[in-house]
Amino acid sequence: GAGVSQTPSNKVTEKGKYVELRCDPISGHTALYWYRQSLGQGPEFLIYFQGTGAADDSGLPNDRFFAVRPEGSVSTLKIQRTERGDSAMYLCASSLNSGAYTGELFFGEGSRLTVL
Amino acid sequence: AQTVTQSQPEMSVQEAETVTLSCTYDTSESDYYLFWYKQPPSRQMILVIRQEAYKQQNATENRFSVNFQKAAKSFSLKISDSQLGDAAMYFCAYRRDTGNQFYFGTGTSLTVIP
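Chains as they are written, first to last, in the working numbering: chain W, 1445 to 1560; chain R, 80 to 193.
Chain W with its partners taken away, still in its complex shape:
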């Protein structure tokens, strides 16, 4: 597609459930980022992929959060044993990073997660 696509756009789940959020980046973009945005806050970094590998996962809050990008394109953010505090907008962004060049971020519309 032309832009970054995120699904689902909205997800309501119960405390303790498992959730997967999907991101389909812009074709050809090697870098993929996950951010979490709480109401009234700026995006908070979670994890960054360069290709298939997680180049920086320092923003993942705990071991309940995990992300994969097995073929270097689509990525899935996985949250186990969800808690009410996980409720937020989860943003995905992709970028054309090549060597020392890091391009601008192109964001998806986000997946709003609500944990009841």
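Don't read these hints as lab results, they were simulated from the structure.
Keep in mind that this is a model prediction, so the values were computed, not measured.
Check each hint, because a few of them may be wrong.
To be verified - Partial pick of chain W residues on the chain R-facing surface, computed with a CB cut under 7 Å: (1) Gln1485; (2) Gly1486; (3) Phe1489; (4) Tyr1492; (5) Phe1551; (6) Gly1552.
Where a beta carbon is used, it is the ideal one built from N, C-alpha and C, also for glycine.
Given the structure of chain W, go ahead and fit chain R onto it with the hints provided.
Positioned in the frame of chain W, the structure of chain R alone reads:
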């Protein structure tokens, strides 16, 4: 860690007037990039303008321009001839020259009054 501060949670401007949004950042690096992103209600975030720290000239994109003061670590966004479509959250962001992580401020909500 780098921090980005936006001290104006909300701003308003009359249509066709000019408004300036403030941003300061903290870094010990000499080379880095600064960005302003716009997030309209229920829509995705898009890049408004970017500035390379090694460039002394302030970036300009049509009605949008920045005032980059490197010594003061200040990076304000000026929107001229404000339009209704400019209403959005505006986020200032920082990235190290050699890094890939973007650091965002808490945002400024801009209202444009007809």
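Here is what the structure says about each hint:
1. Gln1485: holds, 6 Å
2. Gly1486: For W:Gly1486, the interface hint holds, since the closest Cβ of chain R sits about 4 Å away, which is under 7 Å.
3. Phe1489: OK, holds: W:Phe1489 within 7 Å of chain R, min 5 Å.
4. Tyr1492: holds, 5 Å
5. Phe1551: This interface hint holds because 4 Å falls under the 7 Å limit.
6. Gly1552: holds, 6 Å
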